[in-house]
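Following the hints, put chain V in place on chain Y, whose structure we already have.
The chain contents come next:
Number of protein chains: 2
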Amino acid sequence: MRAELVTIGSELLLGFTVDANSAVIGRQLAEIGVTVVRRTSVGDEASEIAAAVREALDRTGAVITTGGLGPTSDDLTKPSIAAIFGKGMRLDEGVLDGLRQAWIARGLGPDLPKANEWQATVPDGATILTNRHGSAPGIWLEDRRGWVAMLPGVPREMRGMLRDEILPRLEVRLRVSGESANGAPIVLSRTVRTTGIAESALADAIGPATGPLADVALAYLPSWSGVDLRVTSFDRPRAAAGQALSAAEGVLRAAAGAYAYGSDAEDLAASVLDILRSRGLTLAAAESCTGGLLGARLTAVPGSSDVFVGGVIAYSNDVKREQLGVEEATLARHGAVSEETAREMARGVRARCRTDVAAAITGVAGPGGGTPEKPAGTVCVAVDTAAGVVSERRKLIGDREEVRLRATQWALDRVRRLLAP
Amino acid sequence: MRAELVTIGSELLLGFTVDANSAVIGRQLAEIGVTVVRRTSVGDEASEIAAAVREALDRTGAVITTGGLGPTSDDLTKPSIAAIFGKGMRLDEGVLDGLRQAWIARGLGPDLPKANEWQATVPDGATILTNRHGSAPGIWLEDRRGWVAMLPGVPREMRGMLRDEILPRLEVRLRVSGESANGAPIVLSRTVRTTGIAESALADAIGPATGPLADVALAYLPSWSGVDLRVTSFDRPRAAAGQALSAAEGVLRAAAGAYAYGSDAEDLAASVLDILRSRGLTLAAAESCTGGLLGARLTAVPGSSDVFVGGVIAYSNDVKREQLGVEEATLARHGAVSEETAREMARGVRARCRTDVAAAITGVAGPGGGTPEKPAGTVCVAVDTAAGVVSERRKLIGDREEVRLRATQWALDRVRRLLAP
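These protein sequence lines map, in sequence, to chains Y and V. Each residue of the first sequence is one higher than the one before, counting from 3 in this note's numbering. Each residue of the second sequence is one higher than the one before, counting from 3 in this note's numbering.
It is worth saying that the hints were derived from the structure and are not from the lab. It is possible that part of the hints are untrue.
As the list makes no split between identical chains, a pair holds if one copy fits it or if it spans any two.
Stated by the list, open to error - The calculated SDA-like cross-link candidates involving lysine to any residue, where the alpha carbons are at most 20 Å apart (straight line), are:
(1) Lys116 with Asp145
(2) Lys89 with Ser49
(3) Lys116 with Arg356
(4) Lys397 with Thr212
(5) Lys397 with Gly371
(6) Lys89 with Leu131
(7) Lys116 with Ala211
(8) Lys397 with Gly109
(9) Lys397 with Arg108
So here's chain Y without its partners, still in its complex pose (with noise of 0.2 Å):
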């Protein structure tokens, strides 16, 4: 099946929204064998939504729309499009009487506005999908030519109604029309996640795209995580995809080797985490530049607390000195950018927290602070066990955020290759 989305909003023209619900979209509709032909974005303007939804309807005869459902006098959408089919509006008083109950009970007040009954004023003949996110409810129209869904474009209210009411729509269509049962091809992807090794030292040891790799779409994404490299499956059937998904996931794996560690949208923290878990280890980290990101990063992940106990954010020299013992004449000969102060950091933070490990950071994330010898970029990190303590120094690219985060996942991925079997 092919289909079109509509995105309507002027604020997604202008620019003050970015147009998210149609990624989210794209993704589920082809995960169930809904091709995403088109998508196009108009204004709130009667004319340019039916214009539009009217050249989608032609090509494809399957139409999602997202916005313009709300109470005020800028929500256009239902009328624009009930004129494609040929209909007139009506107050729905089932729709009206569930807009006033919500509005009580949400304790807003005794009397539902007048505004909202456009809320409730649906095309002739459509069917009602229910919102049980919010208060507009999404349309369905459909005739000879094809049908229109209208879905509510506030995401969290979107991302339900396709779930509820749209997606169990179309995969029933699809097993009618025979698209679907075990054959329907669909589009399904798989990322395998790896840090520490260069985009092109990764494609050498992957090499060409021959056995099960020459059979799905590679894709190299690298960024500050480190390189992500995503499978996709097209036009196979969920089983097969998932097999050949499988296949080229183990190739992926095996060629990584101990740069792999977590797939699809597994945080490195979340990896390191469990490999300490594993292990009855506790952590704790010590902190400069990247002044408690790391900590956030690892406080991010439900759980984190049987093996995170926290630490100490060194930000000034006083701090590094007083709460973490790094000498004065440490930070007076090295500096406090120095792989000998992060030693220390991470020294100290590991007995003043009474763990198992200890992590540091220390370094310049600029963009002022540089020097020749110790430019912005310039990151230190030391890991702290019983066996003794590590460190490394690198430059790290990007600006101020990159530079925090490239170091953050620096520092988890060395306590990670550090205790993984």
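Same frame as chain Y, but now just chain V:
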């Protein structure tokens, strides 16, 4: 001037990539008086690209595309659009030489791969747009029907080329056509950021859109950071737009009073650092459930080191006791999530880091860890100064990430309200 965007790439339709480029382009065009009336996204197929661009050209005569300029066989933007203009393709020796020199300068080897020649292949009669931030040059094609500007899809390269090559050209055209000079209507917006006040209370304080507010569009944008108030001027020349926004901003700031902390993208952490800096005060932080996120936000601001010295991430009770001096009896009697513990954390970190001000956060970020008395989202914040310690307890809404962000915002706001003149 009316224009359209066509963003090219199967990744966009499959939802692997969110089309953030469109928002950037829409915003910057609006600010010089170009109205984007439609945006279309199509996949990497020549027929789809040609159809979308031809239709856009027919409607407005002014089209910007992104994507599909890379070195691979998927990159079909140039020949697809050249065909619309009836042009063939030719290898440009100047572009090829530039690619070769850049390749060597980056240390990638002595020979440019054959595939990269495709990036030096351009439509006959095209104007080549320099890419200072990457390898693929942009292309400008034009005839009596109008123009198409082709930009790369990589965001950094796209932004550079938009700024360096596209906006200046469009400004010249607007002047020549008489749309610009003093009188061209543009879209400009400004945002007043507030925190600590509910949207409904803010709406009551602002009241009906009379006076300067009648001349602009006002949007309430609630999020974890508070409620942003965005005012937009449509269809006014630049000077008048600036005046209308300044007048509206004055009304909003007066209505929001002390709840307003900044403009546009300014982070509350930067405002708090400015207030502390102007009064010559230093700051430390003690964080439990936020695990370093407050420190990370403060140190994300360049130059924060003259105010923020660091602090303690006290995720475990042992660290709270041993590194901050929280009493065992306090933890036993009131629990780790209590105003009493927050107060001792704030006092402890201020004494140990020897700062003028200290903020402490402890809470249940969720999803687990809640109890009937202290459900997930329960957070206590304390601020200690020479004048003594203050504390509050709240139930914050949202998931783990949102509760943590809201907790840091609230702690920053507590410091701000304590110290603001």
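> Taking each numbered hint in turn, which are not upheld by the structure, reported in ascending numerical order?
Replying inline: 1, 3, 4
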